[in-house]
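Given the sequences, and given the hints that come with them, work out the whole structure.
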Amino acid sequence: MTFRRKLVATLVLAALLATAFFPALLSGAYGIGPGRVASIVWSKATGRPLPANVTRAQEVVVWRIRLPRVILAIVAGVALSVSGVAYQGCFRNPLVEPYILGVSSGAACGASLAIVFPAHFPGTQPTAFAFALAAVFLAYNLARNRGLISPMALVLSGIIVGALFSAAAGVMKYLAADSQLREITFWMMGGLYFADWGDVGLTLKAVLPAAILLWWYGWHLNVLSLGDEEARGLGVNPARSRLVIIVASTLAASVCVSVCGIIAWVGLMTPHAARMILGPDNRWVMPGAAALGAIYLLVCDTIARTLTMAEIPLGIVTSILGAPYLLWLLRSKGRELYAN
Amino acid sequence: MPTDGKILLSASNVRFSYGPKEALKGVSLEVAAGRLHGLLGPNGSGKTTLFKCCLGFLKPRSGTVSLAGLPVARLGPRRLAAQVAYVPQDHRPSFPYSVREMVEMGRTPHRGALPILSRRDREAVDRAIARLGLTAMAGDNYANLSGGERRLVLVARALAQEARVMFLDEPTSSLDFSNQLVVWEAIRAIAAEGLGVVICCHDPNHILWFCDEVTALKAGLALAQGPVGEVMAQGLLEDLYGRPIQTVTVGSRTFIYP
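If you read the protein sequences in the order shown, they are chains W and B. Here the first sequence is numbered in this note's numbering, starting from 24 and rising by one per residue. Here the second sequence is numbered in this note's numbering, starting from -3 and rising by one per residue.
If a hint is listed, it holds; no wrong ones were tucked in.
Partial chain W-side listing against chain B, Cβ under 10 Å, derived:
1) Gln111
2) Arg115
3) Pro174
4) Trp239
5) Gly241
6) Gly250
7) Arg298
8) Arg306
Simulated from the structure, these hints should not be mistaken for lab results. The beta carbon of each residue, even a glycine, is placed where N, CA and C say it ideally should be.
Okay, here's the thing in structure tokens:
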């Protein structure tokens, strides 16, 4: 595949994301015309006074509810996808993603500890991140046998570590007082229903630098995916590069979990789809998967909030759409996935 | 390219232990530009350990290794990779990289800060691919090539690395007869251009036919070292492998057989 064709494919994906953005902003339980939505967003973004015919309710729906939610869906899709690409490359394993490696359970466990024992931990977000990081390293080191890691061992140890941290989070729920229990449940449930500009700001601050750094490390990721000794022979320090990559991708994924709750499978699906379109070079897979993840979560979330009168949880929609895709992937490409 | 005869790799009195078990008990090695140096020895004799110490993968307990006069212990991975290239044993990567993408990774130590390749990098990649006759398959999936072709791609990658010393770990294992000869011819041609080449090899016949010098290792010690014609005698091989071994010379070729 030539550079030109990859560039065109990436631009097409970016254009698709832009086209998915507008219907998502326009659709919703409360009908508002496209012209009015545009004028609200325009005057809010540029700091001008609102046109006289815009009601307070319309302003709140478009600016306070829909726009942050749409942006948050995009940011979460990007974060889960780029961290999926990064984990798959640096663990040389096409089957891992943040959820499978225990990032979500680790973050949930850290957050519940910080909520139940606020005096001993430095706040919910940092504790969630630290525990997510601990979960990934634990899974990685448990899977290692004499310096070698088989793909299946890593998936299994990720599931085991995830179960361990989920159990610990369960203990915290048991110990929690009523108000803390409400806080823990709210934190774990997440979802995009409560998205506001504060959430957007928080996730962007973590996800944007992490995504750029991971793209910058795309070449290292290619070399790392050949194995540690080969990477060293090619002039890359495998331990140091892997540390940078794991910290950045765990930061992005755990912040997303903390705001949006657990959204499984996205980080597994989009890297594979991006590789099918763009080839295995991670410098291209990274932006391609980011665009696909953003489109996917945006479409799923729009379906989740508009399909029925009541809202369907996002995780259910992503799983219903994602499971058949993964099944197809496993049946048609299983041999490639399980190679080695 | 350095002139023929200049010492590119010199290891002196290298010792290494895995825990209490001493794997190398003071081995020295010198490889000059344009020379093919074979490492021979039974399994567990310390070949791989010596290899890894020279490449900087393992840190020797004592002794020094230097590449073109630079001490390996003080070079970072990137500067080390600009001096010495490593051709690993055969394996299939987890992701379907093309032949060209595999060879491009050889440019890692020469890359600038941006994650892209310069024109000079691309030219070096083109040259390496053409040099090993891989131009027609540059776009193919590396993992789907035959074992012999994959070995040639790894050699091309090492060539694109533009290092002065090349280490090959059993480059002809599990190849058919004709592919073994193709790979050996490619390696000889590369050495003739002025690189120092070190090869781990299990077949004493191959070392006898294709290498210039040999180091025979047993239990962490160099049993013999020098030009293959002088060192590869019947007595040494019997010592090395602990069983009777015969040699026969037909025309200009010597054969080793049980």
